[in-house]
Amino acid sequence: MATKLKEVDAVMIGMGMTGAMMAKEFTMAGLRVVGLERGPDRRPHEESILPRIRDELRYVQRIELMQDNSVDTIAFRNSSGQTALPIRRWSAFLPGEGVGGTLNHWGGMHWRYLPTDFRIRSVIRERYGASAIPPDMTIEDWPVTYDELEPYYDRFDKMCGAAGKAGNLKGRKIDGGNVFEGPRGDEYPTPPLKSSAGAVLMAEASRSLGFHPFPSPFGASSTPYTNIYGVQLGRCEYCGFCGRNTCEANAKASAPSHIMPVLRGDPRFELRTHAFVSKLIYDRQAKKVTGVLYTDMKTGEEYEQPANIVVLSAYVFGNTHMLLTSGIGQPYDPRTGRGLVGKNYCYQFEAPATAFFENRNLNPFIGAPGDRMVIDDFNGENFDHSGLGFFGGGYIVGGSGAAPPIGGRDVPPGTPAWGSQWKKETVRWYYRAIEFNTQGSVYANRANYLDIDPTYKDSLGRPLLRLTYNGTDNDHAMSRYLLTKVDAIIKAMNPTTYEMRPRPRNFTIVPYQSTHNTGGTMMGTSPGNSVINRYLQAWDASNLFIMGASTFPQQPGYNPTGTVGALAYWAADKILKDYVKRPGPLVQA
Amino acid sequence: MRRLYSSALLGAVMLVASPVFAADANRGKTLYAACQACHTEKDDALGPSLKGVVGRKSAALDNFRYSAPMKRSNLTWDERSLREYLTDPQGKVKGNRMPFSGLANATDVADVIAYLQTLK
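For the protein sequence lines, the chains are A and B, in the order given.
Quick note: the first sequence, position 62, residue 62 per our numbering, numbers continuous.
Quick note: the second sequence, position 101, residue 101 per our numbering, numbers continuous.
These aren't lab readings, by the way, just hints derived from the structure by calculation.
Since we're looking at a predicted model, the values are computed, not measured.
One or more of the hints may lead you astray.
[To be verified] One side of the interface only, derived from the structure: several residues of chain A facing chain B at Cβ under 10 Å:
{"id": "1", "residue": "32"}
{"id": "2", "residue": "44"}
{"id": "3", "residue": "237"}
[Said to hold, decoys possible] Mimicking DSSO-like on lysine-lysine, the simulated pairs with C-alpha atoms at most 30 Å apart in a straight line are:
{"id": "4", "chain 1": "B", "residue 1": "92", "chain 2": "B", "residue 2": "29"}
{"id": "5", "chain 1": "A", "residue 1": "6", "chain 2": "A", "residue 2": "423"}
{"id": "6", "chain 1": "A", "residue 1": "424", "chain 2": "B", "residue 2": "92"}
{"id": "7", "chain 1": "A", "residue 1": "194", "chain 2": "B", "residue 2": "71"}
{"id": "8", "chain 1": "A", "residue 1": "424", "chain 2": "A", "residue 2": "6"}
{"id": "9", "chain 1": "A", "residue 1": "194", "chain 2": "B", "residue 2": "94"}
{"id": "10", "chain 1": "A", "residue 1": "165", "chain 2": "B", "residue 2": "29"}
{"id": "11", "chain 1": "A", "residue 1": "194", "chain 2": "B", "residue 2": "92"}
[Claimed, not checked] Now the stretches of chain B that chain A is said to cover, found in silico as 3 or more residues with beta-carbon under 8 Å:
{"id": "12", "region": "50-62"}
{"id": "13", "region": "83-94"}
All residues carry an ideal CB built from backbone N, CA and C; glycine is no exception.
Please construct the entire structure, taking both the sequences and the accompanying hints into account.
See below:
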């Protein structure tokens, strides 16, 4: 029997980036907030310190900051005819755990989506005809526009101290920034990072081909910066360990370094760690979630935490799983196309390439993911898709920095995978490799979805979430097209040798590809096409707000974090302006 | 007002440490923003407090867990050792765990030291 606790104004399920952002915004408005986090607390002065933070074995190979698969995982299969098996060790994607969540180990790729991304279904129909979209491509317009989100993108920039250069300031195009981006209200809070040597070469080659290179926007401060919450931040030190670690320099945006220092001492906020929420307590008649049930993972005791507002701020999988196991909304059925919870699961379709330059020394041990140069000429609807046989696209990025001692050992194709010859080749090429990546979109397909697994259970006895996913013909064609552009750029750089690595036909859960899982609790204009409305409020429970990339109708050709952050601030603003005064649906069904 | 403050501060610096006659503590204070994300007076600060650091022995504070190289360095933080350390932290104390690559500009270093001298 669960112990019933005193009601609070709001409870956060998951204290990752969005949980911390919402808790901070709510407490600033006077609400009493409890933050429930299934993992441990993470404090920069204990964890984000040298030399341990540069321990590649610990954090990159042994993925210390990630969810414990022995407690909870997901089951996976490629198609609905197969039997899914549980993922016993994360690899293709890495959901995080503990305060700060998955954002603790983001690479800092800090993007906004294109204005056309938000109305992609309409744009494709307008440009290529009403029947252009294949029947199995279930893409939708977002119920919110770029212009509506812009001020919240800006606020997120200023919480992160993001580094970059604007390419479109209030409609004025600026050479050297991303001229394809939507109009920004303000410049980035800090200037772009210095470019790695390989990035400079990539930019030169891209420009010679008529493309528009610009420095990659980065979710870390390049100079000392004080964020919107008054937290003093350091500057990026180009250590290069961002991708699986927290930041040693208090520069890369994360909840522990950018929000928790000011949230922690707030008497209106209480953090409970090792608190694993197993269920939303749902009142179907009232269309409300009255509270949440959680287990203290240290004692095994169960608690009920009643709350006026429930913020579901777990990872994409946790959000969808929670709705499915709590009986909120109708589960998606791919055979009939009916039901919405679990629908439009999307991923990121990345295909890399590496070029080797015998006579260059690129000092790859210095750097950060933000030291890259990017072209956005082949993203979304930035280019004409007539006759190409696919929709979507992605940015192309190249650079040479941040190659860690274990993982950063690119060798040319044909090199043995081990032994003395391999050793010789890694020494020979370590300084001489430039890496490229294509950040391909995934446009929703009716066969890719999330539901409940019939066989396997987690440590709390709940059935696992099941992911059914495979790359579609559309996304493969998109990816091959992007790689032809990478090929042209690499050729213009005149390398000694190079290797393109197109995606294998079938998606596999190894090796690492991208943690950009999206969808499952998609947002939309009505209960007939979505799980939540434009303010991230569940149609079936008016006091339930869902954060994160599970709200995306599909995944454009960018990293999702910028939009995740903007949506959270957009929802927080509406909740505090309107919902707390008059609780109820913010959009009439 | 700002200029008054600046010259008052500079005067104070010159009294304490006459050799840094050209250093601008006020400018040093601005540059110190790069240090301040870690070097605060808070319990959970990432770096040790720098209050009174000038003239102090290295690794002197009981409440901060210094790296072994810093403990072994046996330095006194005078103007010269600070200058060498801030110019190239890893060069001066190899293996110390301050994640800062140093200040390349000698004037910047002098100004930061001038500011450090005001921290009491």
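Status of each hint after checking the structure:
1. 32: violated, 24 Å
2. 44: Hint holds; residue 44 of chain A Cβ to chain B Cβ min 6 Å, cut 10 Å.
3. 237: Since the shortest Cβ distance to chain B is 5 Å, the answer is holds.
4. B:92 with B:29: holds, 23 Å
5. A:6 with A:423: violated, 61 Å
6. A:424 with B:92: The hint is violated at about 33 Å.
7. A:194 with B:71: violated, 34 Å
8. A:424 with A:6: violated, 64 Å
9. A:194 with B:94: holds, 25 Å
10. A:165 with B:29: holds, 27 Å
11. A:194 with B:92: holds, 25 Å
12. 50-62: Coverage by chain A is violated for the region 50-62 of chain B (0 residues, Cβ < 8 Å).
13. 83-94: violated (count 0)
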